[in-house]
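The chain contents come next:
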Amino acid sequence: MKIEFEHRQAAHCESGVTSNLLSISSGGKITEPLAFGIGAGLFFAYIPFIKVNNGPAIAFRTFPGYIFKRTAKSLGIPIISKKFRSKEKAEAYLMECLNNGDPVGCQVGVYYLPYFPKEYRFHFNAHNLIVYGMEGNNYLVSDPIMDSTNVMSSYELERVRFAKGALAPNGLIYYPKKGAVITDEVMKQAIKNGIKKNVYNMLSIPGRFAGISGIKHTGNKIKKWRDKLGIETSKLYLAQMVRMQEEIGTGGGGFRYIYGAFLQEAEAYLPGNQLAEYSVMFTKAGDMWRNAAVHAAGIYKGRIGSQEDFNIMGDYLLEIAEVEKQAFETLKKIKWQ
Amino acid sequence: MKKEEIPQDVSALGKITKEVCYATDSDGKYNAELSSGWDVKITALDVAWEEIQKRIAKAKQQVLAHKASPLLFFMEYRLMDAAILAGYTGFWQWQIKRHLKPGVFSKLSDKQLQKYAEAFNIEVGDLKTMTVHED
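The listed protein sequences derive, respectively, from chains A and B.
For what it's worth, the numbering used here labels the leading residue of the first sequence as -9, then goes sequentially.
For what it's worth, the numbering used here labels the leading residue of the second sequence as 2, then goes sequentially.
What the hints contain is simulated information worked out from the structure, not anything from laboratory work.
Model, not experiment: these values are computed from the prediction.
Check the hints yourself; a few may be wrong.
Computed footprint of chain A on chain B; a stretch qualifies when at least three of its residues, placed anywhere within it, have a C-beta under 8 Å from a C-beta of chain A [unchecked claim]:
no.: 1; region: 19 to 26
no.: 2; region: 42 to 51
No more than 30 Å apart at the CA atoms, straight line, and that leaves these computed lysine-lysine pairs for DSS-like [what the hints assert, rightly or not]:
no.: 3; chain 1: A; residue 1: Lys315; chain 2: B; residue 2: Lys30
no.: 4; chain 1: A; residue 1: Lys325; chain 2: A; residue 2: Lys186
no.: 5; chain 1: A; residue 1: Lys59; chain 2: A; residue 2: Lys323
no.: 6; chain 1: B; residue 1: Lys16; chain 2: A; residue 2: Lys108
no.: 7; chain 1: B; residue 1: Lys61; chain 2: A; residue 2: Lys108
no.: 8; chain 1: B; residue 1: Lys102; chain 2: A; residue 2: Lys41
no.: 9; chain 1: B; residue 1: Lys59; chain 2: A; residue 2: Lys214
no.: 10; chain 1: A; residue 1: Lys19; chain 2: A; residue 2: Lys325
Cβ coordinates follow ideal geometry from the N, Cα and C atoms, glycine included.
Work the whole structure out from these sequences, hints included.
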């Protein structure tokens, strides 16, 4: 059994899954950048108390699951999402959805994901893919990171849906209900809400670990890494930061570029608000993250590594914080036309 | 990032699929483009794996010196800490820590060993002998 479904490759798994799942209910209106922006995907968080591969967790986008939920909610599309204790029930429910003709999003861990190259397999559990049918005993899988679709056996899919560790998916399955009508008016409102939510998350979220203050905090921390952790551990931390910044498919401060693309597409729905013009600020931020990554690579390759080099590294983040702060303050001041 | 600046270094992923990224054209307009990988990312991944290889080698030495059970080797090999392994096996973390002692490990039942073998995606025989098959 195979459901009518169009696989479209995307830069990021969750915004890709969201736009692909909503493309049917939205008549193709929801592109990846629109899903990312409406879902207020841009973020920064330094989470010192969660260790990933023995280094600090640093996130460059919003929490897993939020992009889909926020985007669907803003567009007035009812969604169904379920977690499971029992693997059998999780598979039975998946079959039921497929039998009803619903392609579904699944949260999975990438460690045992069979089509991923070995080098990319870590215990990262917030990956997303779409299951859109079955052929024999194999599930048809659309992973937005990949250029084409894949098949997975029932056991392989069960294993990644019930991956263990931080952010364990517990078989999470989610999909939009059919029949919602998305008018241009709804789109306009959703875009505005998405921007407002993202402005809040970056400028006003409490605490020093998240948003703009999180970027500053991390920049200042980095300057102390060399003394505090020693050069070898600092290298590992920086390599980890770059890996999290880039993830798969977001090459080069990529989330900032997706946001820039979002503002350009949003312009068509909300002309007269200079959104396309403001997108340039996010391009600049993305380029700066990219330059920072090049500098970090110099350190973890061992080409440079003095305290001065760590100071420069920290300053990159402080400068980025300033640019992103200005960008979001500009968005905050928009008098919507 | 301008379209012509998109890195095209070939990563491990790049051999299987190109990655989508957003870049601007000559008019400054964003489009989805393809990249086969970026040297900066490739090296970051290499650094992570070099560290993992060191940890695996160290674990192997400890097992051979009878300072740890083969569990330690496979935990490093599968990048699992006690919390992740507890999730996969259903053992408590304190139990896993006990099983890291060679003496305790040698007394584990087949059923208990089977749980570990399943978590590591290996055979019980390989678990005891630290044999790995590339997958």
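These are the hints, each one checked on the structure:
Three residues within the 8 Å Cβ limit are the bar, and the region 19 to 26 of chain B against chain A gives 7, so the coverage statement holds. For the region 42 to 51 of chain B, the proposed coverage by chain A is satisfied: 7 residues have a C-beta within less than 8 Å of a C-beta in that chain, meeting the threshold of three. A distance of roughly 23 Å separates the Cα atoms of Lys315/A and Lys30/B; the hinted pair therefore holds under the 30 Å criterion. Between Lys325/A and Lys186/A the alpha-carbon distance is near 12 Å, which keeps this suggested pair within the 30 Å criterion.
Of the pairs offered as hints, the one joining Lys59/A and Lys323/A holds, with about 26 Å between alpha carbons and a cut-off of 30 Å not exceeded. The hinted pair formed by Lys16/B and Lys108/A meets the criterion: a straight-line CA distance of about 12 Å does not exceed 30 Å. Proposed proximity of Lys61/B and Lys108/A is supported: the alpha carbons are some 21 Å apart, at most 30 Å. Using a Cα cut-off of 30 Å, the hinted pair Lys102/B and Lys41/A holds, with the two alpha carbons roughly 25 Å apart.
Taking the CA atoms of Lys59/B and Lys214/A, the gap is near 29 Å; set against the 30 Å cutoff, the hint holds. Taken as a hint, the Lys19/A and Lys325/A pair is honoured in the structure, with Cα atoms around 25 Å apart against an allowance of 30 Å.
Checked against the numbered hints above, the structure violates none of them.
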